[in-house]
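Work out the full structure: start from the sequences and follow the hints.
Protein chains: 2
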Amino acid sequence: MSTPVTSDASAATPGPAGGPEGITTGPIEGSVKHHLDVDGMRVPVRRIQLTTGEHHDVYDTSGPYTDDTAVIDLEAGLPKTRDGWSRPEPVALDGVGHTAATQLAWAREGIITPEMRFIAAREGFAPEFVRGEIAAGRAVIPANHRHPESEPMIIGKRFATKINANIGNSAVTSSIAEEVEKMVWATRWGADTIMDLSTGKDIHATREWIMRNSPVPVGTVPIYQALEKVKGDPTALTWELYRDTVIEQCEQGVDYMTVHAGVLLRYVPLTAKRVTGIVSRGGSIMAAWCLAHHRESFLYTHFEELCEILAKYDVTFSLGDGLRPGSIADANDEAQFAELRTLGELTTIAKSHGVQVMIEGPGHVPMHKIVENVRLVEELCEEAPFYTLGPLATDIAPAYDHITSAIGAAIIAQAGTAMLCYVTPKEHLGLPDRDDVKVGVITYKISAHAADLAKGHPRAQERDDALSKARFEFRWTDQFNLSLDPDTAREFHDETLPAEPAKTAHFCSMCGPKFCSMRISADVREFAQRNGLETQEDIDRMIADGMAAKSEEFADRGKHVYLPVVDG
Amino acid sequence: MSTPVTSDASAATPGPAGGPEGITTGPIEGSVKHHLDVDGMRVPVRRIQLTTGEHHDVYDTSGPYTDDTAVIDLEAGLPKTRDGWSRPEPVALDGVGHTAATQLAWAREGIITPEMRFIAAREGFAPEFVRGEIAAGRAVIPANHRHPESEPMIIGKRFATKINANIGNSAVTSSIAEEVEKMVWATRWGADTIMDLSTGKDIHATREWIMRNSPVPVGTVPIYQALEKVKGDPTALTWELYRDTVIEQCEQGVDYMTVHAGVLLRYVPLTAKRVTGIVSRGGSIMAAWCLAHHRESFLYTHFEELCEILAKYDVTFSLGDGLRPGSIADANDEAQFAELRTLGELTTIAKSHGVQVMIEGPGHVPMHKIVENVRLVEELCEEAPFYTLGPLATDIAPAYDHITSAIGAAIIAQAGTAMLCYVTPKEHLGLPDRDDVKVGVITYKISAHAADLAKGHPRAQERDDALSKARFEFRWTDQFNLSLDPDTAREFHDETLPAEPAKTAHFCSMCGPKFCSMRISADVREFAQRNGLETQEDIDRMIADGMAAKSEEFADRGKHVYLPVVDG
Chain A
1 MSTPVTSDAS AATPGPAGGP EGITTGPIEG SVKHHLDVDG MRVPVRRIQL
51 TTGEHHDVYD TSGPYTDDTA VIDLEAGLPK TRDGWSRPEP VALDGVGHTA
101 ATQLAWAREG IITPEMRFIA AREGFAPEFV RGEIAAGRAV IPANHRHPES
151 EPMIIGKRFA TKINANIGNS AVTSSIAEEV EKMVWATRWG ADTIMDLSTG
201 KDIHATREWI MRNSPVPVGT VPIYQALEKV KGDPTALTWE LYRDTVIEQC
251 EQGVDYMTVH AGVLLRYVPL TAKRVTGIVS RGGSIMAAWC LAHHRESFLY
301 THFEELCEIL AKYDVTFSLG DGLRPGSIAD ANDEAQFAEL RTLGELTTIA
351 KSHGVQVMIE GPGHVPMHKI VENVRLVEEL CEEAPFYTLG PLATDIAPAY
401 DHITSAIGAA IIAQAGTAML CYVTPKEHLG LPDRDDVKVG VITYKISAHA
451 ADLAKGHPRA QERDDALSKA RFEFRWTDQF NLSLDPDTAR EFHDETLPAE
501 PAKTAHFCSM CGPKFCSMRI SADVREFAQR NGLETQEDID RMIADGMAAK
551 SEEFADRGKH VYLPVVDG
Chain B
1 MSTPVTSDAS AATPGPAGGP EGITTGPIEG SVKHHLDVDG MRVPVRRIQL
51 TTGEHHDVYD TSGPYTDDTA VIDLEAGLPK TRDGWSRPEP VALDGVGHTA
101 ATQLAWAREG IITPEMRFIA AREGFAPEFV RGEIAAGRAV IPANHRHPES
151 EPMIIGKRFA TKINANIGNS AVTSSIAEEV EKMVWATRWG ADTIMDLSTG
201 KDIHATREWI MRNSPVPVGT VPIYQALEKV KGDPTALTWE LYRDTVIEQC
251 EQGVDYMTVH AGVLLRYVPL TAKRVTGIVS RGGSIMAAWC LAHHRESFLY
301 THFEELCEIL AKYDVTFSLG DGLRPGSIAD ANDEAQFAEL RTLGELTTIA
351 KSHGVQVMIE GPGHVPMHKI VENVRLVEEL CEEAPFYTLG PLATDIAPAY
401 DHITSAIGAA IIAQAGTAML CYVTPKEHLG LPDRDDVKVG VITYKISAHA
451 ADLAKGHPRA QERDDALSKA RFEFRWTDQF NLSLDPDTAR EFHDETLPAE
501 PAKTAHFCSM CGPKFCSMRI SADVREFAQR NGLETQEDID RMIADGMAAK
551 SEEFADRGKH VYLPVVDG
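Taken in order, these protein sequences are the chains called A and B.
Going by the UniProt record's numbering, 119 is the number at position 119 of the first sequence; the sequence numbering is gapless.
Going by the UniProt record's numbering, 343 is the number at position 343 of the second sequence; the sequence numbering is gapless.
Check before you lean on any hint, since a few could be wrong.
Any copy will do: because identical chains look the same in the list, a pair fits if it lies in one copy or spans two.
Straight-line alpha carbon distances no greater than 27 Å define the calculated DSSO-like cross-link-like pairs of lysine-lysine that follow [what the hints assert, rightly or not]:
#1 Lys-455 / Lys-273
#2 Lys-455 / Lys-369
#3 Lys-273 / Lys-469
#4 Lys-201 / Lys-455
#5 Lys-80 / Lys-455
#6 Lys-455 / Lys-231
#7 Lys-469 / Lys-231
#8 Lys-80 / Lys-231
#9 Lys-80 / Lys-273
#10 Lys-229 / Lys-312
#11 Lys-369 / Lys-312
#12 Lys-229 / Lys-201
#13 Lys-273 / Lys-369
Hints are computed from structural coordinates only; laboratory data are not their basis.
Given the structure is predicted, the values throughout are model-derived calculations rather than measurements.
Right under this line is the structure:
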């Protein structure tokens, strides 16, 4: 989906741990890597140290790169941790003629896998709850057996909303550090999965580097590599070539694959009257193939064979929306929903083969048409997790499409979308650089978190409250460190008030030292406490009694409120 | 509301028209100022010239500064155009002992004023519809008789969603050009109104400069200036001092005023247990006064006298939410809603005096609690226009609060909020500079426009469709010029593909010349047209008939799709 990044890895910040050159290592300012011990598994959290002596733990996607004690060796790859975990036997499936060694098959058998236990601890749910969501197909764990380096994570609407960042190889030059750094950089700021959308030469080697060094699930769109093998001519694609490409990628450890199997011959002409036709690369490749051969898509006709392959590795389907709208005008049209109905059929087939499934979604949708997309996926696709690109809530702001889409993303996630594919400021215009990737990831963490608050995720509001409390108490450093991007928050503050004492000052640059509403609030609080004002009745009594003495006391204190007060 | 800007005006771009030094003049790239003639009034539009020879007109807030034919003289101020329009006689009001010369009073009498006709043409509605919304109190026209330089605009949920930008004087130095430029810069990018939140010395002179040169309504918070007059000690404020400040500002031409008359003594202790207490400056000033004197707020006890003053000039009340939540934890609490109920009472009083009213709203609200705010204002405040700050949908992203709040702003506007007060990336951290103001304004134009699309504003989608059509047809220049920020869109494109031919190329940097889904879509469209495929039946017939010849034809064409195609 969307645009791959080709950022210049030479901008990487070598971390304090002295990781490999070109790789950003070391913890995010103000935090340290911490691990929970869960049945011998090490579940990572980012521990934010507060100036009060307390700490605040947050979900951590960054892997060993932010661990000061980890040794990073790109050639060797990350430790193959999951190989040491016990893996249940494959499950025999009725009627499909093969077994499935998948989280879905095990969950249905009532088996709680190590991955489920890991995730339960990571998200703060009971293991049995995790198993139940997987068994129902409402959540997926993209974890190819051949990607033992990954830290298991879950995608489902009852869990924290996840985000994906796209990366891709550089056209010009590439080194292992350069390719790995893109993944490291995106996951440092919170990408829960990455998609490798590399094209061109060395696509296999690039993916190998990423797989062996990625702590998060990696997704791909195999048709891109297949197209490279036929020198970019979609009409030359065949099922056999595609199948072999899928097996190659399964063997490497790819965790989920976008398959545009719902683009059927008869849907293609439905796009003819659209304002923006077909905007999905995979969708247009398959549309071109169907029309050129006047045959049904081989992805559709061979879908059960695909299922058989994916079931073996536990690769998750991400059923692609090849006919997604590319503009507000085309949202929720017949082409889009016709394909979605087909994705529903394919979901049922995949699950009968024990394969985990998620469903991809738009794109460009005005706000009032967003929720219908989620309801239809729930209805047509057995509540399979929804994975959307934005959507952009308007088309009129190229250069700000991270924002136009953050609006749509927050709304669609609130309605039940489980994972959001990020959009960078360069969408529709060019290739994102390092800063664009960071802005895209942080923006999508905002949408995901806003949705988690709205959905009542049990842990979400803790961080808002911790940050707001720090803000109210003028703990500037804690406010920075609790934020999604401590570096930028600190930088913005220091532009106006650079001096170190300002970080402990009981005022800020907005109102200055002479007047501060936060300070008055603190005085109000103290006043209420001292006078035992708990309820409206207490307050009414205070007013009825009159309280000249008390108001005098406050007035005396008030004289002092407007002087600058600097701690320590 | 929010933070004033103190940007350095020395960064201003002198426009091609050669305006005064330090003032940004000349049209936005790709467009010209155009005027509609409406009964002798000149209604401005920004006319975007397309490469197809067509044009696309958009709403224009920037006044004469973007008009190449206008002569700007800051000392003289803008032409006092509205002084030349016929103004109806003041309307005698039953029971309140005075007359009202306000849009509300006239609308209730069935009178369509020049301002209403101007606005009707500007927004694309019938004048009678505008009058009806004003008469019902569902919309306001903030237009002080003493601000004849302004181009009338309307704030109401049936009209395009408006945005406000805050400006304020610099603490260090100020010149007329420096102060005016902040307003010019914000309105250039789309601010519908500005609020002058200046503090410190020269507050009167600064406001005079802004008023005389502002083509948009100007709002203020008079308590800020009153506080300056008592050297920053809120306990020293008096009704008489406040009243004289209000009259001084009415005489200068301020179009709307934030009055925190709903902060009552008995509500103040309700904030004591909040996570972030009172975060509104005006609210905390009045809270401090009430507690210190143990008396009810003079803004509340003297509210009818205030109405009498505002009715004379047609200044609009913006009833301030002094107890708005400052964090997710405090959203929709008793303190907030208690004040809102009082604002409802005050709305009824103000309207009985013929004074126009809007209601200010939060602040910080999680997504699932946003709509309730709009419904309560409709219910308690007679559907008076709602004017909100954001709200921020999460607290965890300082440095990105333009985005956290753009999410909330889009949702609250979709639900019926009429005007959005912008938030810049520096919110909570520091003072916004010139770039921050632009980013804040563009971000809020996105939220407002996304809401207009969702509400079905009759003109909103035209711009999305025009831009998407340009995108699909590879008209890069039109795509840039139709966007909210043509300069940045062009800059981002040119970073990756700087050459001039790339702007007419039938590909872009995302997929490169070798493969383009947009190009395939164009081919699909041509294919469907040539084969008369209109309905699903046509398509089914085509499939049933077989069409080897047709598919061969497409395959032949397909061979050419992947070559770079560059126009002219």
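Status of the hints after comparison with the structure:
no., hint, verdict
1, Lys-455 / Lys-273, "between (38 Å within a copy, 25 Å between copies)"
2, Lys-455 / Lys-369, "both (19 Å within a copy, 11 Å between copies)"
3, Lys-273 / Lys-469, "between (54 Å within a copy, 12 Å between copies)"
4, Lys-201 / Lys-455, "neither (44 Å within a copy, 48 Å between copies)"
5, Lys-80 / Lys-455, "neither (35 Å within a copy, 52 Å between copies)"
6, Lys-455 / Lys-231, "neither (46 Å within a copy, 47 Å between copies)"
7, Lys-469 / Lys-231, "neither (58 Å within a copy, 30 Å between copies)"
8, Lys-80 / Lys-231, "neither (35 Å within a copy, 67 Å between copies)"
9, Lys-80 / Lys-273, "neither (51 Å within a copy, 50 Å between copies)"
10, Lys-229 / Lys-312, "within (25 Å within a copy, 78 Å between copies)"
11, Lys-369 / Lys-312, "neither (38 Å within a copy, 45 Å between copies)"
12, Lys-229 / Lys-201, "within (10 Å within a copy, 72 Å between copies)"
13, Lys-273 / Lys-369, "within (20 Å within a copy, 40 Å between copies)"
In this structure, the earlier hints numbered 4, 5, 6, 7, 8, 9 and 11 are contradicted, and the remaining ones agree with it.
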